[in-house]
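Chain by chain, the residues:
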Amino acid sequence: REETSDRERGRGAIGVSEKMTFTIPIENGNGVKNAEADSQRTLYPYVTGTSVVAIKYKDGILMASDMGGSYGSTLRYKNIERMKAIGKHSLLGASGEISDFQEILRYLDELMLNDNMWDDGNSLGPKEVHNYLTRVMYNRRNKFNPLWNTLVLGGVKNGEKYLGMVSMIGVSFEDNHVATGFGNHLARPILRDEWREDLSFEEGVKLLEKCMRVLLYRDRSAINKLQIAKMTEEGVTVSEPYSLKTFWDFKAFTNPTVGAEGSW
Amino acid sequence: MFRNQYDTDVTTWSPTGRLFQVEYAMEAVKQGSAAIGLRSRSHVVLACVNKAQSELSSHQRKIFKVDDHIGVAIAGLTADGRVLSRYMRSESINHSFTYESPLPVGRLVVRLADKAQVCTQRSWKRPYGVGLLVGGLDESGAHLYYNCPSGNYFEYQAFAIGSRSQAAKTYLERRFESFQESSREDLIKDAIMAIRETLQGETLKSSICTVSVLGVDEPFHFLDQETIQKVIDTFEKVPEEEEDAGEGEAEPEAAPGAAGTGEQGGSGDQDVAPMEM
Chain A
2 REETSDRERG RGAIGVSEKM TFTIPIENGN GVKNAEADSQ RTLYPYVTGT SVVAIKYKDG
62 ILMASDMGGS YGSTLRYKNI ERMKAIGKHS LLGASGEISD FQEILRYLDE LMLNDNMWDD
122 GNSLGPKEVH NYLTRVMYNR RNKFNPLWNT LVLGGVKNGE KYLGMVSMIG VSFEDNHVAT
182 GFGNHLARPI LRDEWREDLS FEEGVKLLEK CMRVLLYRDR SAINKLQIAK MTEEGVTVSE
242 PYSLKTFWDF KAFTNPTVGA EGSW
Chain B
4 MFRNQYDTDV TTWSPTGRLF QVEYAMEAVK QGSAAIGLRS RSHVVLACVN KAQSELSSHQ
64 RKIFKVDDHI GVAIAGLTAD GRVLSRYMRS ESINHSFTYE SPLPVGRLVV RLADKAQVCT
124 QRSWKRPYGV GLLVGGLDES GAHLYYNCPS GNYFEYQAFA IGSRSQAAKT YLERRFESFQ
184 ESSREDLIKD AIMAIRETLQ GETLKSSICT VSVLGVDEPF HFLDQETIQK VIDTFEKVPE
244 EEEDAGEGEA EPEAAPGAAG TGEQGGSGDQ DVAPMEM
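Chains A and B, in that order, give the protein sequences. The first sequence begins at 2 in our numbering and counts up one residue at a time. The second sequence begins at 4 in our numbering and counts up one residue at a time.
Just so you know, these hints were derived from the structure itself, not from any lab. Some hints could be false.
[Unchecked claim] Here are the computed lysine-lysine pairs in the DSS-like style, where the Cα-Cα straight-line distance is at most 30 Å: (1) K226/A to K89/A; (2) K128/A to K172/B; (3) K144/A to K158/A; (4) K68/B to K128/A; (5) K158/A to K68/B; (6) K79/A to K226/A; (7) K59/A to K211/A; (8) K172/B to K233/B; (9) K246/A to K207/A.
[Unchecked claim] Partner residues aside, some chain A positions facing chain B, computed with beta carbon under 10 Å: (10) D121; (11) N123; (12) S124; (13) L125; (14) K128; (15) E129; (16) H131; (17) N132; (18) Y133; (19) T135; (20) R136; (21) G171; (22) F174.
Everything numeric in this text was worked out from a predicted model, so none of it was measured. All C-beta atoms, glycine included, are put in the ideal place defined by N, C-alpha and C.
All chains should be modelled from the sequences, with the hints used to inform the complete structure.
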């Protein structure tokens, strides 16, 4: 059939190509018979990024993430940018497997390229990109070959702010503030209490820094080198990396076992 | 004079650089009953003449909803038109599913044109014998396109296709400059008046035409008979007098129209071939 539909153009994203055929593993009691099948799909992540936190504020979206890439329990890479601009209107942040994030960036690159080539006054906005990513993640999950990421997609188009999230199993939703991984447990409660519709830029940054500081104290895969990205109608700016001031002289930190001798 | 030698295959060029099969396909469009499209900054109106095979049958559907924001009116082989409408609906819904956003009409029209072009370059296919007036909305406003069997497409402020469309085009040419800023009601009125031009003296009744509208904040839908009749009543206050004036204008068009059908041979006189509408 000669028609090209968007579905077919996005074939690479869903994983249909000669090399990437997925063979069902056969088990016969002595272990899996066709071992190549297993090596072709994602079983566990290797180099991972930790939380991303994002909020809507007065002029658009603010997103924060640190620059760490952990290799299991080792904090191996300390200069990974986990937030990237997508076209003119969107900002994508990711936690989870870094190589899968890079793969997603390649798919989006192709998507935005084709969109720009039309050159017809129409452009894909954050809502469209979010939905596209949801389709990609869900389709991969259905093939038992997920992209091991939780994605945060924010953007502003024609004055409308958009902030959404997609998980590795294809769960997707929009909200005024989102976070991934540990951020869900440590940052969201803070945001539920303190987020407001009309936060100024400074207030938004302060709020995000408060969340990131808690994550730094309590998430062992977090490092003290973070970036904050701002998305407004004018465009995206990702800040230079910087660190947060931390305070370690709490009495409880200096002598943690004072109440329970022998424990740690 | 070489026409008959080079017109068997769609993949055969004539010495003068023409593909006759494609041109014959465009003739099929001219045989169908009229379809008209007009647009303003915010609305698109598609209208067509209802033609029935016989008094006993119902009339052919010539306007299709592709999506809330896109409609298409066809002229020519309606079977081909139906198939292409189904393709357009499919493309539109797939885009909506992946991006949760309406497919920009300009992009749909290009895909349609590319699909038509394929049929002009395969020896085992034939061109689609239907012309499509695609009206739709996207980020950059309201658009009206005409898709040809040749695989070409053009954007229009207003256009008419099918038999006796020249009369409608003449009417539209006189008035098109005002369409961009027209109100929705004026646009509908102009569409129905253009339909009247193609009728050449037949009484203009709401049962004889189908009108559809789409616009910003107004999904594609058909106007019901009552609404259409009301619009007709505003300018057809004295039906007999209006008809005479209409007939006078339409007269010069009748002669070239008849000559066209005569040349085709197969279609014969006034009777239209069963598959064409």
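Each hint, compared with the structure:
The suggested pairing of K226/A with K89/A holds, with an alpha-carbon distance near 26 Å, which does not exceed 30 Å. Taken as a hint, the K128/A and K172/B pair is broken in the structure, with Cα atoms around 41 Å apart against an allowance of 30 Å. Distance restraint check for K144/A and K158/A: the Cα-Cα separation of roughly 33 Å exceeds the 30 Å cut-off, and the hinted pair is therefore not satisfied. The straight-line distance between the Cα atoms of K68/B and K128/A is roughly 25 Å, inside the 30 Å bound, and the hint therefore holds.
Between K158/A and K68/B, the direct Cα distance comes to roughly 28 Å. Compliance with the 30 Å bound is thereby established for this hinted pair. Our distance criterion of 30 Å between C-alpha atoms is met by K79/A and K226/A, whose separation comes to about 8 Å. Restraint check for K59/A and K211/A: the C-alpha separation of about 18 Å stays at or below 30 Å, so the hint holds. A C-alpha spacing of about 24 Å is found between K172/B and K233/B, which places the hinted pair at or below 30 Å, so the restraint holds.
With a CA separation close to 13 Å, the supplied pair K246/A and K207/A stays within the 30 Å bound. Below 10 Å, beta-carbon pairs count as interface contacts, and D121/A has one with chain B at about 5 Å; its hint therefore holds. Hint status for N123/A: holds, given a least beta-carbon distance of 4 Å to chain B, under 10 Å. At its closest, the beta carbon of S124/A sits 8 Å from a beta carbon of chain B; the interface hint therefore holds under the 10 Å criterion.
Interface hint status for L125/A: upheld, as the beta-carbon distance to the closest one in chain B is roughly 7 Å, under 10 Å. For K128/A, the interface hint holds, since its Cβ comes within 10 Å of a Cβ in chain B; the closest pair sits about 6 Å apart. Using the Cβ-Cβ criterion of 10 Å, the hint placing E129/A at the interface with chain B is satisfied: the shortest such distance is roughly 4 Å. Because the closest C-beta pair between H131/A and chain B is about 8 Å apart, less than 10 Å, the hint holds.
Look at N132/A: its Cβ gets to within about 4 Å of chain B, closer than 10 Å, so that hint holds up. Of the supplied interface hints, the one on Y133/A holds, with its beta-carbon coming within about 6 Å of a beta-carbon of chain B, less than 10 Å. Because the closest C-beta pair between T135/A and chain B is about 9 Å apart, less than 10 Å, the hint holds. Because the closest C-beta pair between R136/A and chain B is about 5 Å apart, less than 10 Å, the hint holds.
At its closest, the beta carbon of G171/A sits 13 Å from a beta carbon of chain B; the interface hint therefore is violated under the 10 Å criterion. At its closest, the beta carbon of F174/A sits 13 Å from a beta carbon of chain B; the interface hint therefore is violated under the 10 Å criterion.
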